[in-house]
Amino acid sequence: MSPSGKALPVRLSLGPIQYYWGKEKIIDFYRSVETTPIDIVYLGETVCSKRRSLRLRDWIEIAERLRSAGKEVVLSTLALLEANSELGQVRKLCGNGAFPIEANDMSAVQMLAGETNFIGGASLNIYNLRTLRKLVGMGMTRWVMPVELSQNVLADFRQEMPVAIESEVFAWGRMPIAYSARCYTARAHKVPKDACGYCCIDYPDGLMLSTREDEEFLVINGIQTQSAKAQNLVHALHGSTAGADIFRLSPQSEYTPEVISLFDQTRKGALKADAATEELKALAANDLCNGYWFNEAGMASYSATGSQ
Amino acid sequence: MELVCPAGNLPSLKAAVDNGADAVYIGFRDETNARHFAGLNFNDAQIEQCLAYARSRGTKVYVAINTYPQPGNFAKWERAVDQAAEHGVDALILADIGVMDYAAEKWPELRLHLSVQASATTHEAVRFYAEQFGVQRAVIPRVLSVKQVEALVHDSPIPIEVFGFGSLCVMVEGRCYLSSYVTGQGPNTFGACSPASFVRWSETDSNLETRLNGVLIDRVNKDEKAGYPTICKGRFIVNGETGYAIEEPTSLNTLPILPELLRIGVAAIKIEGRQRSPAYVAKVTGVMRAAIDACTRDPENFIPDEDWLSQLTSVSEGVQTTLGAYQREWQ
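In order, the protein sequences belong to chains A and B. Residues 1 to 308, numbered by my numbering, are exactly what the first sequence covers, in order. Residues 309 to 639, numbered by my numbering, are exactly what the second sequence covers, in order.
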């Protein structure tokens with residue numbers, strides 16, 4: 001909602017790249033994004049501090065290009081910090097002076113609070129209004145709902161929310177569902193994290209973990225674990241209960257511009273959500289899911305009306 | 309170094325107190341705490357009994373209110389805070405910012421600890437809670453190496469409590485949705501990981517299979533022992549190989565590094581296991597008490613007693629233990 005209380009059209013954002021890609025691939029990826037109808041782009045390494053395809057000034061360069069292409073650009077911080085060197089990286093990012101920050105852990109909030117406005121990422125654990133208000137009081141202007149919360153919770157938030165705060169939901173892609181000290185990609189290669197050899201560069205969409213019945217279940221992405229299924233909330237773009245200002249799409253190694261286009265056509269009413277979902281199925285490596293949105297198991301899949 | 313022990317019921321609390329706990333932590337009988345299991349935890353009258361027993365023997369009682377309320381149920385967490393405060397407990401262990409904000413405003417004199425579920429892994433994160441809510445101690449997730457714990461203790465504005473023994477969360481606590489992804493219920497929202505109502509054990513001709521909401525977590529031969537189907541301790545296929553892709557069934561055990569933890573200034577050691585039996589609490593508390601006392605007396609020459617180690621291993625998951633993330637190679 002705008003401060004005047006009028007509903008604005010839903011905006012689309014592109015989340016940070018979750019995987020380890022090489023420099024050229026990242027640069028090409030954001031070139032391909034410049035001409036898409038995406039409104040907001042989140043940039044930066046949020047998973048593993050050892051991944052350094054790009055330096056901060058390379059990210060800023062990409063950020064400036066995207067800004068020139070009319071995109072709002074945000075820099076995202078690491079979700080799990082362990083070493084003081086990582087705190088240093090986050091501090092540097094927070095002090096960039098040109099672009100707003102998405103804080104993905106409380107260390108970043110502590111650095112930003114009272115200094116500058118910031119965006120609260122999905123891993124901040126904002127589960128209720130009192131938490132939200134506290135962070136708004138410290139300069140948070142937008143929050144990303146934790147992926148495990150439902151449309152009903154969002155609706156509850158919206159009823160009493162300070163109007164100046166924007167709500168964003170994770171609407172497309174494999175969901176980050178856990179972080180660890182241990183690197184599971186390195187473990188799959190039978191080496192410890194300190195000797196990982198940057199092996200996750202070989203898995204541009206993560207490494208599949210299946211059950212012993214060959215059900216593709218989770219995706220290993222270094223120290224992060226993701227859902228194998230891609231979350232799809234395209235049906236919520238026009239739902240009366242939706243209430244999100246921004247729908248976040250998570251980058252994948254292929255077809256991201258196509259995904260953006262399908263969400264864009266759907267928000268404009270040029271494509272029905274069911275038809276979009278059919279096309280999106282072909283662009284995802286695995287089945288789609290949306291259970292969290294309906295207050296159920298995240299891996300479950302429901303029709304737009306909530307029937308399984 | 310304070311020894312903080314778990315109690316899921318009154319017999320466990322007595323076992324902890326009698327075997328040398330400096331403090332015992334408990335929870336209410338609902339989803340306001342992270343061990344929301346049937347038949348576990350305390351109602352109002354039982355808390356009074358707890359406090360009376362612990363106080364008469366000089367043991368502190370902490371109450372964990374360490375899950376995340378949502379807009380529709382926030383009042384329940386407020387009531388839990390009020391109830392604990394009215395009982396005059398020694399500290400609350402909190403995870404949610406909103407709940408902390410409420411507790412700090414309504415009960416400014418009440419001592420607050422930061423729960424491991426708050427997922428604070430740096431001195432900046434800890435500082436946030438200390439400055440905003442006057443939190444006086446932080447329990448940190450099981451993701452830091454000993455060196456990183458040392459740096460955190462050094463830079464933190466408040467004392468640090470670490471996990472010393474028990475079931476091992478390998479994912480950073482407070483931000484793990486594996487359970488809710490599969491079942492719709494997880495630690496943050498429901499206070500339990502892999503809730504029992506979703507667990508199925510089934511026998512085939514030669515195997516025993518364990519499932520969580522239909523997802524196959526492990527399959528063992530009939531003569532093997534099947535563990536509880538916690539997702540991160542299951543066997544899966546990665547790159548064509550079947551195995552414990554995340555972690556084996558194992559428990560954390562810090563006895564070998566106790567002198568290190570003492571030297572770097574860790575303020576308290578926490579034992580996991582409010583869901584475990586009074587016998588477990590008695591055994592682990594007794595061993596850890598003896599070990600901490602021996603280590604404090606003579607840290608230079610501390611060697612964990614063989615008997616202590618075998619006692620701890622006997623109550624460990626998978627009958628094996630690990631130093632977990634404290635040891636860099638584990639990561």
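Careful: at least some of the hints might be erroneous.
[Claimed, not checked] Far from chain B, by Cβ distances over 10 Å, these chain A residues were calculated: (1) P100; (2) E115; (3) K134; (4) R182.
[Said to hold, decoys possible] Taking CB as the label site, the calculated pair distances span: (5) R508/B x D28/A: 43 to 49 Å; (6) K281/A x E511/B: 34 to 40 Å; (7) P564/B x K50/A: 25 to 31 Å.
Source of the hints: derived by calculation from the structure; they are not laboratory data. Cβ atoms here follow ideal geometry from the backbone N, Cα and C, with glycine treated the same way.
Going through the hints against the structure:
With 10 Å as the threshold on Cβ separation, the claim that P100/A sits away from chain B holds: the shortest Cβ distance comes to roughly 19 Å. Its beta-carbon lying about 13 Å from the closest one in chain B, E115/A satisfies the requirement of being farther than 10 Å from that chain. With a cut of 10 Å on Cβ distances, K134/A falls inside the contact zone with chain B, its closest approach being about 5 Å. The Cβ of R182/A sits about 5 Å from the closest Cβ of chain B, inside the 10 Å cut-off, so the non-interface label is violated.
Distance hint for R508/B and D28/A: a CB-CB separation of about 47 Å, consistent with the stated range 43 to 49 Å. Taken as a hint, the range 34 to 40 Å holds for the pair K281/A and E511/B, whose Cβ atoms sit roughly 36 Å apart. Take P564/B and K50/A: their Cβ atoms lie about 28 Å apart, and the range 25 to 31 Å holds.
The structure fails to meet hints 3 and 4 from the earlier list, while all remaining hints are met.
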